[in-house]
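The numbering used here numbers the first residue of the sequence shown as 31 and each following residue consecutively.
Hints are computed from structural coordinates only; laboratory data are not their basis.
Don't take each hint at face value.
[Said to hold, decoys possible] Simulated crosslink set (SDA-like; lysine to any residue; CA at most 25 angstroms straight-line):
{"hint": "1", "residue 1": "168", "residue 2": "99"}
{"hint": "2", "residue 1": "168", "residue 2": "49"}
{"hint": "3", "residue 1": "168", "residue 2": "121"}
{"hint": "4", "residue 1": "168", "residue 2": "80"}
{"hint": "5", "residue 1": "168", "residue 2": "44"}
{"hint": "6", "residue 1": "168", "residue 2": "96"}
{"hint": "7", "residue 1": "168", "residue 2": "147"}
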Amino acid sequence: MVHVRTWQAAYAGLIPQDYLDSLDPAQREPGWRQWLAGLRPPAAILVQAEAGAPPVGFVAIQPSRDPGADRAVTGEITAIYLLPSHQGTGAGRELMAAATDHLVAAGFRRATLWVLETNTAARRFYEAAGWAPDGASKVDSSWGFPLDEVRYGRTLAEV
């Protein structure tokens, strides 16, 4: 599963290694299936794959989940993951472009995403794609340990 393999590579040294080692795609699949079944437009999952091959990455978008956000105007990229073997090939840029195109087509004028504060590689990727920190931060403890996150945003009218 792209999500598990990407977490194990991207978050090594950023979150507890014992947690990363415990991730098992087969155990996480039912939760992903349930989450996917609950998605309603304009939420979407966009998948990057090579012809005839399993997915190598995906991006998930939906109306903003942030408290106080105007969900009619602000969309959110809730996940963007690409297998390490495909990073640096342009596939990540294609996923990001597809996500922003879909957000614009769904009528959103602004978009946000959350990233680990210490994930410098992801932050460089987002900044190269026109995203910038907007000053918001939070601590996500839903995984059983604290994750310091910062929010990035961008105006979609420029897309």
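Do the hints match the structure? See the list:
| no. | hint | in the structure |
| --- | --- | --- |
| 1 | 168 <-> 99 | holds, 15 angstroms |
| 2 | 168 <-> 49 | holds, 21 angstroms |
| 3 | 168 <-> 121 | violated, 29 angstroms |
| 4 | 168 <-> 80 | violated, 36 angstroms |
| 5 | 168 <-> 44 | holds, 16 angstroms |
| 6 | 168 <-> 96 | holds, 11 angstroms |
| 7 | 168 <-> 147 | holds, 10 angstroms |
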